[in-house]
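**Student:** Going down the list, the protein sequences come from chains A and B.
Per my numbering, residue 43 is the first one in the first sequence, and the count goes up by one each step.
Per my numbering, residue 43 is the first one in the second sequence, and the count goes up by one each step.
There could be a bad hint or two in this list.
Each pair may be met inside one copy or between any two copies, as identical chains are not told apart.
Only pairs whose alpha carbons sit at most 27 Å apart, straight line, appear in this in silico DSS-like list of lysine-lysine [as the list claims (entries may be wrong)]:
no.	residue 1	residue 2
1	K101	K601
2	K601	K330
3	K330	K588
4	K490	K452
5	K494	K153
6	K101	K384
7	K101	K48
Simulated from the structure, these hints should not be mistaken for lab results.
Protein chains: 2
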Amino acid sequence: MSTVNKTAHPFDKGRLEALLSRRFFYAPAFEIYGGVAGLYDYGPSGSSLQANIIAEWRKHFIIEEGMLELDTTVITPASVFETSGHVARFADWMVKDVKTGDVIRADHLVKNVLEGRLAGDKEARGQAAAPVKEDEKDKKKKKKMAKGAAVQLADDVVKSYEVTLAQLDNFSGPELGELCRKFDIRNPDTDNEVTEPQEFNLMFASSIGPTGQHPGYLRPETAQGHFLNFSRLLDYNNGRIPFASAQIGRSFRNEISPRAGLLRVREFTMAEIEHFVDPEDKSHPRFKEIREVVLVLLDRHVQASGNTTTIKMSIGEAVEKGIIANETLAYFMARIYLFLLKIGINPDRLRFRQHMANEMAHYATDCWDAEVHNSTGWTECIGCADRAAYDLTVHSAKTGHPLVVREALKQPIITEKEMPEFNKKVLGKTFKQDAGLIQKHVESLDEKALLKLKDELAKGSTSITIDGKTFEISPELLRVERRTFKQSVREYTPNVIEPSFGLGRILYMLLEHTYWSREQDVERGVLSLPPVVAPTKVLIVPLSAKEEFDPLVREVSSKLRRSGVFSRVDDSNTSIGKRYARNDELGTPYGVTIDFASVQNRTMTLRERDTMDQRIGSIDEVIATVTDLVEGNIDWAEACRRLPAYDGVQAID
Amino acid sequence: MSTVNKTAHPFDKGRLEALLSRRFFYAPAFEIYGGVAGLYDYGPSGSSLQANIIAEWRKHFIIEEGMLELDTTVITPASVFETSGHVARFADWMVKDVKTGDVIRADHLVKNVLEGRLAGDKEARGQAAAPVKEDEKDKKKKKKMAKGAAVQLADDVVKSYEVTLAQLDNFSGPELGELCRKFDIRNPDTDNEVTEPQEFNLMFASSIGPTGQHPGYLRPETAQGHFLNFSRLLDYNNGRIPFASAQIGRSFRNEISPRAGLLRVREFTMAEIEHFVDPEDKSHPRFKEIREVVLVLLDRHVQASGNTTTIKMSIGEAVEKGIIANETLAYFMARIYLFLLKIGINPDRLRFRQHMANEMAHYATDCWDAEVHNSTGWTECIGCADRAAYDLTVHSAKTGHPLVVREALKQPIITEKEMPEFNKKVLGKTFKQDAGLIQKHVESLDEKALLKLKDELAKGSTSITIDGKTFEISPELLRVERRTFKQSVREYTPNVIEPSFGLGRILYMLLEHTYWSREQDVERGVLSLPPVVAPTKVLIVPLSAKEEFDPLVREVSSKLRRSGVFSRVDDSNTSIGKRYARNDELGTPYGVTIDFASVQNRTMTLRERDTMDQRIGSIDEVIATVTDLVEGNIDWAEACRRLPAYDGVQAID
């Protein structure tokens, strides 16, 4: 088994992007029409990679935890988002270039300009420039930023920039406007000043039906579909709680000026879980299974102090110390971590960052983002929020439909209370139209006042004054009695813990984390995708398209299919080396070659993508080995123990 | 093995709908907000059924045929749909009630009213009422229609109604307006007259970005995403043709007044294939595999003659006779048929209907719909259209981006042509500013005119008259020579065959076709979903929730999981009979019971849904048998041969 040096060449985003375009992982949508910012199409490789990530997600979350899957609509009547608060508050702050009218997202502008100046400062001080946001597609902008910023800054200015950047997500719109004035932040494309920040709602609006009288929006998250179906879901779950619903689907956000490839898009596939839990008991029955998992945490206090120092801590300890609020939130953070590792994210480039108070979405009470490090810095890929009872409460209040759990109490709660009891007939006769007034007044009295009244009535008649009018009340009209109440059902609005995954971002992170170039040739890119997500698991390569190989190609294809291993045949008219190089770019982990020896001796070689090692065995041995490899039962070292090395000469391009 | 009478009770749509709601297959979206017509949410059972249909679709089409999967955006800039013709022509005709302003789709109005009158006529003649559109949810309307129509009609009126209905899809808007006047068709809800039909575009409109200056639409089909990526797809396929792309995704149509449940919705999941093929060779390499498949066909000539008589014919014969235009179109029709049978559609309720000329979408040159019979009549579920070169041609013309195939010719095409050759220097000197004019004129001459010129020049000078001006041309200025041309590349715009599936409609048809009630109790509904699409394959039923069953439940669950069989445990607090009855409604084909005998003897009973037969065997035997059943390796008769009958007494609720 050979060793491989995957870090011989520094990461080169331009080469990766060229590969992704060449192999049609994804491409700008409507490219031949000039494209539309923030919209991308996935080609065969990207679709397949995404489908495999989704399949693994379904297994890891939905199947493993018995979640209830949903598929709800994108189009949503305006009233729903008015109630949920999205119409009023689901907005970003934008500024306009005062001369050109170009629109820029305010926080992004501050971030880009300050990071550019800090990078220029480092350059001026003779330090290596920090890996600031690199956008190869937007070279003009980059050049401008770099040029304008090659200036050394005073030490206290550097410090104030750094503190500002650490707290950036915590600023309101007006505060971002102040920062622009304080630091003289201008549109880097034109050097013009910018306007005061204005809010822009991120939902796409449309109209439902032919009359134009029913406004609607495209959902910016799938969550509302879960909440509105809560009663049906609870019923489906036989009235039991906790349970979780899950949904994988498209959502839409009309981003202000998206420029960062798959990291900021206007249309994206999400996977969302809404875990409904008793607000008084957020423990999790399977917490013990993950309590030893160690995460990298960046909590809100550290950030609020202008710092970004992380700590490494086990989930168990973080909950004990109150850093993570409860077991259920922590359980999902650990499960998210395990999922990301399984699909191939580098654990050293993964952290959980807690939202600061002002940063939190309007519905959340606590939130931790799973952030993944990439060429642009740290990017949120998954939000894990405690939405408390916010959504169910507002929808219930608006519609009058109770969105609650009714739980039979094992031990009924017995309470005693003083209760007024009127002789209504006599009361009516005595006070006529005032009778109702008196009754209402007495019923509104608290325990203490009722006891006082009871005491007075025990001594004979007493008087009550309402709105300046006094009424004489006799024991014949009113008695106050101690009564016993038995409550056998508890009714409550559940809380919601919401892990919410942006699949496009995760997919892109995975591509960055698994991309490298061969030591001997920087042009030969490889995507070391794990078999579980690789679009194709095994490439079948006949020596040539000659008919004599057809029966064996069919046999191997069909045996792999029966073993549940997805393979593709490449009988194109190029060298075997070129075909393997193409499949290294597609992330295909294994390849089998069918040649004249296969026809004569029924042997086949097996190639591993990263090492380019080749082993040889009988067709059935190789199929059994590659099946075990793909299913994760064995690793390549074990495969090398099973199959001898192949020392035949094979042209490698 | 018991026999089952599935037709003991007539189909009852009300009962089916109650079941689907109770078991949360789907429900009106935004139900607690009063709902929005044409929008539905899928619950856990419906999502799972849909996911299984999609998985089978992917296997049957994408994997089997090596199609290239895509995932393109919903949001589309207006320019794309302007080019594709959707902005101008993707519309339905609507009429308004002249008094209330209620909006009704014109063709639906004509259909409902005429069908109502025909039903009333049959009633009046003492014949059984035909099974007209039954919409249980809309009883008011139905009653009105029936009431207004309990009148006997003249024989020639009946005939004219029938002819009109057979051709209904062929009428234009103005023609529908004429029909309303001719037959005095009014709004059945109010008995008011209706306006002349107006066109209503069915696309949802929105706006992209913060400036409001970029209009866009939600796609009404996924097809444009395939066409716009054609060059990348062709490149991915190494420049070879034919190939197909495939996409499963959401589309949106702002239907005028949807009322028919899942049959007419405003948001739906489609699965679309675009098969790109050489326009001069629409044969299909795998045609021989399906040529014996027999389909029920209703061609356009039969319909145009006011008839709906179908014929049964093999695919091979239909192509030979020219009823189906070409092999590729026919191949997909057969594959569609096989797919529908595989997931459980009743072949006796399936036909292929050819579109009539006026009915065809603006982009299609031929189209066959797979129509499935259901309680509302025949409903289109899949369209199989020949879009010819329409889409690629218009997008290419609009963008200037060639969407063509360049094919190296095995045999270069050698042609000879007469070509004018000027002595440009002398020509310029002689005629100054007229030189260009002369050159252009000569170059535009056809072969015959060039030969004449050549002939004249061979004899000496000749003259050319352009716009009344005559020029003397000598052989020194111009020669006409015969030249040989070699064309080694053929360039052409491929044609597109498009099978387009509405998954929601197919799902609903499947529910109607598989639903029945137990002979002994009409309240006990069963969905006889085939294992391949059933949401759960095996229900594990412990006798009670007692802890002593837990180890076996875990063992059976995990063994089934390892065999790739999806199971669920139901340990809820009701009788085993009730739990099985619930799962009959969910379509779960098999159940295994774990009881005290299981703990003592490691035996387990196996129950089959339709027959309610119970067999018994060792735990491992039962697991092996049920795995074979679910994978389709054996049928229930074979399972009965393997496992003895269980004659223990079991309470059935």
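**Student:** Hint by hint, say whether it matches the structure.
**Tutor:** Status of each hint after checking the structure:
1. K101 with K601: Classified as both: same-chain Cα gap 25 Å, cross-chain 16 Å, threshold 27 Å.
2. K601 with K330: between (41 Å within a copy, 24 Å between copies)
3. K330 with K588: Answer is between: at 23 Å across copies they meet the 27 Å cutoff, but 58 Å inside does not.
4. K490 with K452: neither (31 Å within a copy, 103 Å between copies)
5. K494 with K153: neither (65 Å within a copy, 75 Å between copies)
6. K101 with K384: This pair counts as both: shortest intra-copy Cα distance 12 Å, inter-copy 25 Å.
7. K101 with K48: Neither, since 30 Å and 36 Å both go past 27 Å.
Hints 4, 5, 7 from the list above are not met by this structure, while the remaining hints are.
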